[in-house]
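Undergrad: Okay, here's what each chain looks like letter by letter:
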Amino acid sequence: MRVTDLTLGILTLLGGLAIFWSARNFQVIPGQSYGAGTMPRAVAFVTVLVGLFIIGRALWERRLALGMQLAPWARSGAALGRVAMVLVLIVGYVLVSPVLGFVPTAFAVMTASMLILGTSPLLALATSAVATVAIQQSFGRLLLVPLPRSDFLPFLW
Amino acid sequence: MNFLKTATALGGLVLMTGTAFAQSYPDRPIQLIVPWGAGGGTDAVGRLLGGQISEELGVPVNVVNRTGGSGVVGHSAIANAEPDGYTIGIMTIEIDMMHWQGLTDLTYEDFDILAIVNTDPGGVMVSADSEYQDIESLLEAIKSEPKGTFNASGTGQGGIWHVGLAGWLISEDLPPDQVTFVPSQGAAPGLADMVAGGVDIVPSSLAEGRSMIDAERVVPLATMSAERQNAFPDVPTLAETTGSDWTVAVWRTVAAPDGLPDDVKETLEAAVEAAYNSEEYQTFMQERGFGLRWAGSEEATQIVADDDAAFGEVMKEAGLAAE
Amino acid sequence: MDTIVAAAALVFQPYVLMVIFGSAAFGMFVGAIPGLTATMATALLVPVTFFMDPVPAIAAIVTATAMAIFAGDIPGTLLRMPGTPASAAYVQDAFALTKKGVPEQALGASLVFSALGGIFGTLVLITSSPVLAEIALKFSSFEYFWLVVLGLSCAVFISPGSPARGLISLFIGLFAATIGLENPAGAPRYTFGSVELMAGVQFIPAMIGLFAVSEVIRGFIHRTDPGKPPKTSGRGIISQQWQNLKRYPKQALRGSVLGTAIGALPGAGADIAAWISYAVSKKFSKTPEKFGEGHVEGLVEAGASNNGAMSGAWIPALVFGIPGDSITAIVIGVLYVKGLNPGPMIFITQPEMIYAVFIVFLLANLIMLPLGWIAIMSARKVLSIPTRVLMPIILMFCIVGSFAMNNSVFGIWIMLVFGVIGFLMEENDIPIAPAILGLVLGPMLEQNFVTSMIKSQGSFIAFFERPIAAGLGIFTIAVWMLPLMLLLLRRRRAGRTDAASAN
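First to last, the sequence lines map onto chains E, B and W. Start counting the first sequence at 1; every next residue gets the next number (UniProt numbering). Start counting the second sequence at 1; every next residue gets the next number (UniProt numbering). Start counting the third sequence at 1; every next residue gets the next number (UniProt numbering).
For reference, chain E alone in the conformation it holds in the complex (with noise of 0.2 angstroms):
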């Protein structure tokens, strides 16, 4: 997922464009020419000269390719899955442990990320059936943390 030294450059630039675009409505304090928008703008003018060097410097080298080089695990649709999969589980934890409460979401999660990595299914249930209670007895009865509340194990709270 490496982006070309050009490439970096023109990200770059445009982020610190659409910064300074963004910050064109913030007041200033009252009666002061200094403001919300101050920070932003200055940001933003740092950034574009950060970009504007990046990409003056590629030019200069004549690296002018664009996009970006994938690294070879980037190649392998098991490893895109696997990265792909990461983010679902935490938003699926984000979803679910509201309604189903975090003790089955918790380990849920963790089993599922323990066999995507292929740990073997009982190594897999018994360390995350652990994990979970330690966790939710750690943070939801120690330090009193509201984790989501499951109906179904009233019992752990």
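Because the hints were derived from the structure by calculation, they are not lab data. Some hints here could point you the wrong way.
[Stated by the list, open to error] From the derived model, a few chain B residues whose C-beta atoms are all more than 10 angstroms from chain W:
#, residue
1, R66
2, P175
3, D193
[Unchecked claim] Just the calculated beta-carbon pair ranges, DEER-fashion:
#, chain 1, residue 1, chain 2, residue 2, range
4, W, K283, E, W60, 31 to 37 angstroms
5, W, L488, B, S137, 55 to 61 angstroms
6, E, G31, B, A309, 21 to 27 angstroms
7, W, D2, B, A274, 34 to 40 angstroms
8, E, L80, W, L488, 40 to 46 angstroms
9, B, E131, W, I461, 32 to 38 angstroms
10, W, Q13, B, A309, 25 to 31 angstroms
11, W, I474, E, R75, 48 to 54 angstroms
Keep in mind that this is a model prediction, so the values were computed, not measured. C-beta: ideal position from N, C-alpha, C; glycine also.
Since the structure of chain E is already known, use the hints to place chains B and W on it.
TA: Below, chains B and W alone, put in the same frame as chain E:
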């Protein structure tokens, strides 16, 4: 997906039957939301009261900090919760200012205010090496020097002490920006900057300056209250020195989302009052130098409403309110 | 004296001592696993410390990081996989000793000289910071502005890779810091009407994302497990170090001094200190040709240096509230959350707190010796825990930790976004530390700049009017000039020899 729907329905059913058949309030843990960070003054008040309320009602009270956004996040979390008595919170004075600033539509009317449990009047503090060691000469200098000669700091832009300072200046027939306000993230950084010579005045509560006053690096010149404060008997009021009738004080209230059932409200009010009168709370507040003040639901709502109107006026005149 | 007694009372409580012991073990464990850094140990620990009082919270972080930085040497020595970037500097020598069949020599030297360097740095911290704090009381927004700029500049120029990439990282952090309501104007920025976004990018979920989640993603990609580590024996781990100390006293002292000094620079930390000290040691050695072949000399100096830097980094953190490296940046974030603003005021208002931190530092470096010994002995076991079991548990910790900071699901979203950002940054060789410093220092930078402009009524000259501000300003500008000069020098030299100047 079907499984999810069933599960949601099941969960909802369990919850509903749970409340419908509840013998009496409260039968499960209460959540107390503090809109400010752990370790600060509001957090300490919340945790202490939470512990006492828990003893009073016999269920755990979980104190939860929902911080950020100058208090908007936490106050929204309280107001948007179910008004079933299982979510209460500490509502602070910012509720009377943030809607004027246009940050939120939330006002005190979105809450059932149970009680005021603390107030701290504003003050006027200068550095120990300031050339003005009494309030009269300071005011004289502010009047005679050109606008912007003096700087003050101690809260964010449009924060309570900014409003307090502007209100005082208006009451002395001065433009509200005669003293330039330099925003800071709270009273402590403002005081530090004043000791370093960065600003001239900090108009925050004397309680917040207490350790610096004790270390003799900061001098309190006046208190913006009707009477002198117990903790600082030598500090005169504005009324007895410059003759200004301006007063301002921060308060902390215990509040719930608007629309509590009457019986729940009564139970909670009694619990909060008992917590306020507990020895733990009283000694703690005195040790920290916080002002003790009790006002029950009706009186508290009146105070909050009056301040809301007064701040709105000052903020509009000082250009701090959104159009 | 009363303060010291009060401070000791804060530290010597069963609860605090338990926390110290527990986090030491935790730091050892995390540091010893290749790929999990000292910063990650801190990142995972923070959600737990959030629920503690300030003293045990600081104690937990200090002990865990000191321990993790040493423990990073263990996989480096045994498997040639440095556990933390700080121990990458001398991994060649350490692994060469393992191949010779004496890994305990390398590990013993790292352990003992890490502890010595750490204690030296702590003594400097204890003696210098109250004095500096007295000076810092005179600092107004002008001085702080320059200090922040200096810290950010150091972070960019010293970070591995090109300064341009360091700048990109820094500006990602600075931009993220502008989101929300907490700015001098009190105006909402980039909130899109969301109440949650008004709170801005919460620092701790962002940090967990950048450091831990990005690592988890990498773990999911590569699925590699470390190989079987060789056996270690306890013989001579500690006793042999007397001879090393007698043979290399100058090196140990030089490493400690240089490490502490580098750590004390805002923006530079243990990683850089170890690299510089290793290079210095080689340069001044009588037998530079032995470096890299299993020579203890460089280990002694660089080992002392990286732990010295760890303590030194706390000088600017405690005195000015400006972090020396990403770990102190995290700690400052935690202290702010607790309403305890680091800076010279703490030295006046809560001196017992500061002395308690000093005591904790000494304890952490002393407890390191016995625990380190245990860690070396049990290294084989720890190293054979497969990552495919560990990564999912770490992922769950990240999720719960991000949620716990504000008890809001929004924290998990922040963590996810920054996890992806952090992963993409590392893929493109963009260092992460400047982004963290940008996120922590961004609000300070803005606050001090805008308030200075208000005070000076818009005049830039005011930044040079106060003597200390002028000094700091000139120094900062000199730091900017330095890389340009180095670049020119290198160009000239490269032009002369036409050799491969690339590193």
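Undergrad: Can you let me know if the beta-carbon spacing of L80 (chain E) and L488 (chain W) is within 40 to 46 angstroms?
TA: Holds, since L80 (chain E) and L488 (chain W) (Cβ atoms, about 44 angstroms apart) stay within the stated range.
Undergrad: Would you assess whether D193 (chain B), listed as outside the interface, keeps its beta-carbon beyond 10 angstroms of every beta-carbon in chain W?
TA: At roughly 6 angstroms from the nearest Cβ of chain W, D193 (chain B) sits no farther out than 10 angstroms, so the non-interface label is violated.
Undergrad: Starting from the range 25 to 31 angstroms, see whether the pair Q13 (chain W) and A309 (chain B) falls in it by beta-carbon distance.
TA: Between Q13 (chain W) and A309 (chain B), where Cβ atoms are some 50 angstroms apart, the hint is violated.
Undergrad: In terms of Cβ atoms, is chain W entirely out of 10 angstroms range of R66 (chain B)?
TA: violated (6 angstroms)
Undergrad: Do the beta carbons of E131 (chain B) and I461 (chain W) sit within 32 to 38 angstroms of each other?
TA: violated (24 angstroms)
Undergrad: Given a hint of 21 to 27 angstroms, does the C-beta separation of G31 (chain E) and A309 (chain B) actually sit inside it?
TA: holds (25 angstroms)
Undergrad: Does the beta carbon distance between K283 (chain W) and W60 (chain E) stay inside 31 to 37 angstroms, or does it fall outside?
TA: holds (33 angstroms)
Undergrad: Using Cβ atoms and 10 angstroms as the threshold, tell me whether P175 (chain B) really stays out of contact range of chain W.
TA: holds (16 angstroms)
Undergrad: Using the Cβ atoms, figure out if D2 (chain W) sits within 34 to 40 angstroms of A274 (chain B).
TA: holds (37 angstroms)
Undergrad: For L488 (chain W) and S137 (chain B), compare the CB-CB distance with the range 55 to 61 angstroms and indicate the outcome.
TA: holds (58 angstroms)
Undergrad: Can you let me know if the beta-carbon spacing of I474 (chain W) and R75 (chain E) is within 48 to 54 angstroms?
TA: With Cβ atoms ~52 angstroms apart, the hint holds.
Hints 1, 3, 9, 10 from the earlier list are contradicted by this structure; the remaining hints agree with it.
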